[in-house]
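A.B. asks: Below are the chains, spelled out letter by letter.
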Amino acid sequence: MKRLLLAGCVFAAGGALLGQAEPDKSYFALGQIDFGVEGTHADSDSSKFREYRELPNGPFLPFLRLSGDQKLRYDVVIENGFRDDARYRVFVDYEPIRVRAEYNSIPHRFGNDGRTLLQEASRGVLVISDTVQQANQAAIQTQFARSPAGVNFAFLSGLVAPQLAAANRIDLELLRQRGFVELGLTPGHPVDVKFSYFQERRSGNRPAGTSFGFGNVVESPEPIAYRTQDLGLSAEYARPWGLVRGAVHYNTFRNGVDSLVFDNPFRATDSTDPNAYTAPGAGSINGSSRGRVDLSPDNKAATGSVGVLFRLPANSRFTADASLSRWSQDRPFLPYTINSAITVPFRADDPANLPAQSLDGRIDVKTVSLLFSSRPLPALGFSARYRVYDLDNKTRRIDFPGYARFDAVWEPIARTNVPYSYKRTQGDATVTYDLGPATLEGGYRYLQWDRTFRETERTRENTVIGAVNLRAVQWMTLRASYERGSRNHDTYDYVRGEDASFGEPAPAPTNLPALRRFDQASRTVDRVVALLQLTPIADLTASLSYGHNKENYDREAIVDPSGLRYGLVSASADTFTAEADYSPGERWSVYGFYTREINRNFQRGRQSGAVPSTNPLDDWTSNVHDGVHSFSLGGTAVIVPEKFDFRAMCRYQNFNGNNDLASPPGGTPDVAFPISNFDDTRTWTVSAELAWHLAKSWTVAAGGWLEEYRTNDSATTGLSNYVPGSFFLAANDGSYKARVGYVKASYHF
Amino acid sequence: MRLRQLMILGIFFAGTALGSPPATPTPVAVSISTQAPAAAPANFDVSDCKTCHEKALTSFEHSRHMKLPGLCENCHGDVTDHLKAETEKGEIGSIVSFKKMSPADVNKKCLTCHDKARQADWAGGVHDRKGLACTTCHSMHEFKSVASQLKTSRDSETCFSCHPAIRAKGMRASHHPVREGKMDCASCHNPHDATRPKMIKAEYVNELCLGCHTEKRGPFLWEHAPVRENCLNCHDPHGSNHDKLLLAKQPFLCQRCHLNTRHPGTLYDFRNTIAGTNPSNRAVEHACKNCHQNVHGSNAPSGPYLGR
Chain A
1 MKRLLLAGCV FAAGGALLGQ AEPDKSYFAL GQIDFGVEGT HADSDSSKFR
51 EYRELPNGPF LPFLRLSGDQ KLRYDVVIEN GFRDDARYRV FVDYEPIRVR
101 AEYNSIPHRF GNDGRTLLQE ASRGVLVISD TVQQANQAAI QTQFARSPAG
151 VNFAFLSGLV APQLAAANRI DLELLRQRGF VELGLTPGHP VDVKFSYFQE
201 RRSGNRPAGT SFGFGNVVES PEPIAYRTQD LGLSAEYARP WGLVRGAVHY
251 NTFRNGVDSL VFDNPFRATD STDPNAYTAP GAGSINGSSR GRVDLSPDNK
301 AATGSVGVLF RLPANSRFTA DASLSRWSQD RPFLPYTINS AITVPFRADD
351 PANLPAQSLD GRIDVKTVSL LFSSRPLPAL GFSARYRVYD LDNKTRRIDF
401 PGYARFDAVW EPIARTNVPY SYKRTQGDAT VTYDLGPATL EGGYRYLQWD
451 RTFRETERTR ENTVIGAVNL RAVQWMTLRA SYERGSRNHD TYDYVRGEDA
501 SFGEPAPAPT NLPALRRFDQ ASRTVDRVVA LLQLTPIADL TASLSYGHNK
551 ENYDREAIVD PSGLRYGLVS ASADTFTAEA DYSPGERWSV YGFYTREINR
601 NFQRGRQSGA VPSTNPLDDW TSNVHDGVHS FSLGGTAVIV PEKFDFRAMC
651 RYQNFNGNND LASPPGGTPD VAFPISNFDD TRTWTVSAEL AWHLAKSWTV
701 AAGGWLEEYR TNDSATTGLS NYVPGSFFLA ANDGSYKARV GYVKASYHF
Chain B
1 MRLRQLMILG IFFAGTALGS PPATPTPVAV SISTQAPAAA PANFDVSDCK
51 TCHEKALTSF EHSRHMKLPG LCENCHGDVT DHLKAETEKG EIGSIVSFKK
101 MSPADVNKKC LTCHDKARQA DWAGGVHDRK GLACTTCHSM HEFKSVASQL
151 KTSRDSETCF SCHPAIRAKG MRASHHPVRE GKMDCASCHN PHDATRPKMI
201 KAEYVNELCL GCHTEKRGPF LWEHAPVREN CLNCHDPHGS NHDKLLLAKQ
251 PFLCQRCHLN TRHPGTLYDF RNTIAGTNPS NRAVEHACKN CHQNVHGSNA
301 PSGPYLGR
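Line by line, the protein sequences are chains A and B.
The first sequence runs 1 to 749 under the numbering used here.
The second sequence runs 1 to 308 under the numbering used here.
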């Protein structure tokens with residue numbers, strides 16, 4: 001039905017809009033269609049090459065546009081037609097109706113050729129052959145009986161190696177299909193009413209960390225079957241004195257798969273013991289034959305907003321907006337576990353033993369936004385804002401007597417869910433004053449967080465801002481600003497969050513007492529932005545820019561006797577860019593930029609055993625240093641006027657990441673080995689196109705590009721399917737080198 | 001899928017072919033503003049301007065501004081005086097040239113008609129305070145974009161001219177599909193807005209993110225406080241060299257808040273990486289997320305540690 005409706009609309013639009021009219025001076029009909037043939041070659045099957053795009057071998061339709069103004073005004077744009085990365089846009093203006101519609105298909109490829117013992121039996125159920133499970137369980141039991149210590153990586157790796165060699169292959173990819181239509185019912189009238197509908201379907205899979213415990217991670221392809229819909233109605237009433245606006249939206253999210261069930265490669269039958277979450281190993285070979293994780297629950301949100309804007313004397317205006325939202329979620333809970341062997345203190349796989357059958361979760365969000373701006377004198381400007389974002393999580397609290405750890409063992413540790421809430425209040429005021437060629441700006445900003453159930457109940461950040469816009473001469477503009485912020489918190493109670501969740505008797509706190517979580521810790525922020533834009537001659541524009549951002553947490557009051565701070569201690573980013581664009585007439589032009597970035601962050605941790613360590617020799621530090629070079633250079637040239645054009649471009653980025661880890665000798669870990677290949681990446685692209693204007697309406701072009709992506713990442717490069725304690729899909733999203741060539745024709749009318 | 005798309009396009013062209021011409025075309029009355037612009041002289045015609053300004057009118061003729069009753073005179077003032085001065089004295093006369101106007105005057109002129117909808121909250125915003133004119137980004141006469149009459153074909157090209165650090169981040173391995181043309185800067189930002197920090201198109205950054213990542217909206221049984229508070233605690237939406245746009249690599253990102261006893265506070269160094277002597281499932285691939293998969297929140301009764 002929907003397809004028929006869509007087809008009908010398109011048919012009607014096509015028929016009406018291209019009905020040939022008598023020529024009118026303001027009427028027009030334009031079109032462009034690009035079509036051709038493309039060929040692609042890559043030296044690896046890395047998903048990174050086609051991460052968000054489709055590059056076909058064969059015919060392609062990169063662009064089509066039909067626009068005109070006849071009986072109605074219309075604009076139809078197709079990009080990458082009939083591909084997974086297609087984008088279609090339609091605009092129709094037929095007084096008094098205005099329609100804006102878009103379909104945007106976005107692939108997202110996470111990795112190709114992953115390998116897994118799991119096979120999809122049904123949506124959300126991944127199984128391993130019973131024969132394999134039984135054989136592995138028997139072999140492990142035999143080995144365990146012979147020598148518990150013999151159940152180690154070498155043994156397990158040898159066991160699964162032939163199975164992995166014959167395992168299933170899977171590409172991990174997701175497709176977002178986003179459709180949107182907006183109907184303007186009264187455009188151009190004092191009351192502008194719009195109706196909108198959005199729908200997105202997401203389908204495919206993605207790699208998911210599913211685990212049976214410390215010694216048996218089984219990465220699996222999580223099925224994605226999402227559907228999001230949004231229905232909106234908005235109105236705006238505009239008059240010379242100002243405007244009134246309002247909107248309502250109803251948004252729903254539906255997940256076609258509630259949970260992911262995945263087989264245990266090492267067990268065919270359910271069992272449990274206190275150490276089963278470490279199995280298989282010397283401590284245990286028990287556990288569940290299957291695991292189950294909860295997937296994102298269905299939820300919905302309803303939002304209403306109203307606003308008013310007054311145009312006041314002295315070039316002033318006042319804006320006030322408010323909104324109210326309710327987010328809710330009430331999908332039935334899964335049982336504690338899928339493991340039928342967990343029967344003490346009750347059958348944990350029976351949902352009847354849950355203290356509640358669903359969450360009945362509810363969050364109310366209230367926002368208020370006020371803005372006053374004024375320019376009472378030609379040289380003087382003022383603006384002030386005040387905003388409140390109040391998220392009140394009204395979800396009820398449920399007491400759970402314990403939980404099933406990785407479906408392996410019941411842990412009688414009582415927990416209560418914690419509905420965190422917060423209120424974010426911010427305000428700022430800015431004054432600008434024009435001194436001829438220079439405009440000076442001064443401002444103040446504050447941000448206050450009021451939180452429940454967290455380590456701090458209130459943090460407040462005050463920031464002063466100074467800026468200058470300088471235009472001393474017509475060909476030069478300088479914009480520079482500096483900000484200095486300072487954040488403080490009230491009492492930092494590092495066990496408050498844990499206390500809120502653990503039942504009685506509460507276990508001893510386990511987090512390091514001296515740690516200050518960076519989102520609440522006291523800090524200073526320094527921020528500099530400078531941009532110099534030059535137009536020394538009419539054909540040349542150039543710019544230099546510098547950005548500096550540093551967060552420093554060294555103002556935090558210390559509680560650790562060693563006098564050291566833990567967690568994130570500092571983070572900074574410096575960026576310098578030079579850019580130029582030279583266009584000396586119609587025949588040729590060149591442009592380019594170079595950007596240098598240096599990012600640093602420093603954090604300190606402390607390694608502990610069963611209780612938090614108090615020994616500074618157990619400390620470790622992570623000093624990350626990223627150096628990034630980026631540049632691009634391109635140009636266009638008219639080789640023969642109205643006959644041949646040429647354009648070329650290259651783009652490059654080299655990212656060198658290092659993590660200089662350190663630990664003092666004498667403690668644990670005693671020594672640290674830096675990671676030099678933390679996240680090294682190099683990408684470059686070189687492209688060129690030669691266009692031949694065959695006739696007034698026809699252009700033929702040939703072009704292509706070379707592209708390389710090289711990555712050396714300590715966490716992913718060289719990953720195999722089985723490493724100690726883990727099965728990984730090890731899907732290929734690594735390095736590649738590729739070339740793409742095409743010939744296309746373009747017809748304009 | 002492709003078959004359906006082909007069918008729709010086929011039907012579109014069929015409709016095009018079958019469309020019958022209207023007997024008498026009637027001009028479409030377009031009213032961009034509630035404040036009607038000044039009427040042009042009765043004998044004025046845009047083709048008069050085109051005689052000298054053909055290039056300036058090539059694209060303009062296909063823009064919505066072409067429907068304005070006053071045409072060129074709406075923005076440029078008395079064109080007849082300009083024509084007279086040009087022909088008689090070789091001077092431009094009293095014509096209004098936007099290139100010579102201050103940004104404030106340019107904006108005032110444009111807002112005469114556009115002071116509503118997305119543009120209503122321009123005054124007092126950072127782009128206003130920095131002295132940007134509407135014509136800094138938009139062109140009435142030589143626009144290149146499909147929508148919004150931008151001077152560049154993509155909005156990101158316009159934005160990057162003043163925000164080069166964001167462009168560099170967009171070149172990272174982990175990025176939103178902006179450079180692929182599937183998203184624009186305007187997908188998240190309204191550059192005309194003065195009411196919201198960072199000009200985002202939502203009341204708060206989390207609501208912006210949740211607009212596309214609705215599966216993370218919850219509420220969940222087990223919430224992760226910093227996730228509920230601010231997506232930017234862990235992610236950089238403009239690009240990152242770490243998986244999933246993360247600000248830092250796991251486990252170090254998680255260890256900024258979790259230095260608990262046993263494994264959370266443990267140092268994971270080169271020895272625990274893939275190339276090391278003792279690879280750990282807490283340091284490779286998704287690191288912490290290998291087990292704590294539901295880091296954005298879990299609705300499973302056995303998920304207090306976000307592992308189920």
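Any given hint could turn out to be false.
Said to hold, decoys possible - Computed Cβ-Cβ distance ranges for the label pairs, DEER-style: (1) B:K151 to A:K394: 43 to 53 Å; (2) B:S94 to A:P190: 30 to 40 Å; (3) A:L706 to B:T58: 32 to 42 Å; (4) B:Y305 to A:S720: 22 to 32 Å; (5) B:Y305 to A:S147: 24 to 34 Å; (6) B:S153 to A:A695: 15 to 25 Å; (7) B:K151 to A:S358: 51 to 61 Å; (8) A:L440 to B:S148: 26 to 36 Å; (9) A:V306 to B:K151: 49 to 59 Å; (10) B:Y305 to A:R739: 44 to 54 Å; (11) B:M101 to A:G31: 33 to 43 Å; (12) B:Y305 to A:S562: 26 to 36 Å; (13) B:S94 to A:L440: 55 to 65 Å.
As the list claims (entries may be wrong) - A few chain B positions that, by computed beta-carbon distances, are all more than 10 Å from chain A: (14) G70; (15) C75; (16) D81; (17) E86; (18) T87; (19) S97; (20) E142; (21) R167; (22) L208; (23) T214; (24) L245.
Stated by the list, open to error - Computed footprint of chain A on chain B, listed as stretches where at least three residues anywhere in the stretch have a Cβ under 8 Å from a Cβ of chain A: (25) 169-182; (26) 218-226; (27) 249-259; (28) 298-305.
Just so you know, the hints here were simulated from the structure itself, not pulled from any lab data.
All figures in this text were calculated on a predicted structure; none of them were measured in a lab.
Cβ atoms here follow ideal geometry from the backbone N, Cα and C, with glycine treated the same way.
A.B. asks: All the hints need checking, so say for each whether the structure fits it.
C.D. replies: Status of the hints after comparison with the structure:
Remark: the range hint 43 to 53 Å for K151 of chain B to K394 of chain A is upheld by a beta-carbon distance near 48 Å. A beta carbon spacing of about 33 Å between S94 of chain B and P190 of chain A agrees with the range 30 to 40 Å that was offered as a hint. Distance hint check for L706 of chain A and T58 of chain B: the Cβ-Cβ separation is about 35 Å, which falls inside the suggested range of 32 to 42 Å. At roughly 27 Å, the beta carbons of Y305 of chain B and S720 of chain A sit within the given window of 22 to 32 Å.
The hinted window of 24 to 34 Å between Y305 of chain B and S147 of chain A holds, with their beta carbons roughly 32 Å apart. Range check, S153 of chain B to A695 of chain A: Cβ separation about 24 Å, and the 15 to 25 Å hint holds. Here the CB-CB span from K151 of chain B to S358 of chain A is close to 53 Å, well matched to the stated 51 to 61 Å. Taking the beta carbon of each, L440 of chain A and S148 of chain B are about 32 Å apart, inside 26 to 36 Å as hinted.
About 35 Å separates the C-beta atoms of V306 of chain A and K151 of chain B, a value inconsistent with the hinted range of 49 to 59 Å. Range check, Y305 of chain B to R739 of chain A: about 47 Å between beta-carbon atoms, so the 44 to 54 Å window is met. Between M101 of chain B and G31 of chain A the beta carbons are some 36 Å apart, a value that agrees with the proposed interval 33 to 43 Å. Between Y305 of chain B and S562 of chain A the C-beta distance comes to about 29 Å, which sits within the given range of 26 to 36 Å.
Distance hint check: the CB atoms of S94 of chain B and L440 of chain A are about 33 Å apart, inconsistent with the given range 55 to 65 Å. With a minimum CB-CB distance of about 13 Å to chain A, G70 of chain B clears the 10 Å threshold, and the non-interface call stands. No beta-carbon of chain A comes within 10 Å of the beta-carbon of C75 of chain B; the shortest separation is about 17 Å. Every CB of chain A is more than 10 Å from the CB of D81 of chain B (nearest about 23 Å), matching its label as outside the interface.
With 10 Å as the threshold on Cβ separation, the claim that E86 of chain B sits away from chain A holds: the shortest Cβ distance comes to roughly 22 Å. At roughly 23 Å from the closest C-beta of chain A, the C-beta of T87 of chain B stays outside 10 Å, upholding its exclusion from the interface. Its beta-carbon lying about 13 Å from the closest one in chain A, S97 of chain B satisfies the requirement of being farther than 10 Å from that chain. The Cβ of E142 of chain B lies farther than 10 Å from every Cβ of chain A, with a closest approach of about 12 Å, so its non-interface assignment holds.
For R167 of chain B, the condition that its CB be more than 10 Å from all CB atoms of chain A is violated, with the nearest at approximately 7 Å. Residue placement check: L208 of chain B keeps its beta carbon more than 10 Å from all beta carbons of chain A (closest about 12 Å). Not every Cβ of chain A is farther than 10 Å from the Cβ of T214 of chain B; the closest lies at roughly 4 Å, contradicting the non-interface assignment. Here L245 of chain B stays apart from chain A, with its beta-carbon at least about 12 Å from theirs, past the 10 Å limit.
Check on the region 169-182 of chain B: 7 of its residues sit with their Cβ under 8 Å from a Cβ of chain A, so the three-residue criterion for coverage holds. With 8 residues carrying a beta carbon less than 8 Å from a beta carbon of chain A, the region 218-226 of chain B meets the three-residue requirement, and the given coverage holds. Beta-carbon proximity to chain A at under 8 Å applies to 8 residues in the region 249-259 of chain B; the threshold of 3 is reached and the given coverage holds. Only residues whose beta carbon comes within less than 8 Å of a beta carbon in chain A count, and the region 298-305 of chain B has 7; three or more means the coverage holds.
Going through the hint list in order, the structure does not satisfy hints 9, 13, 21 and 23.
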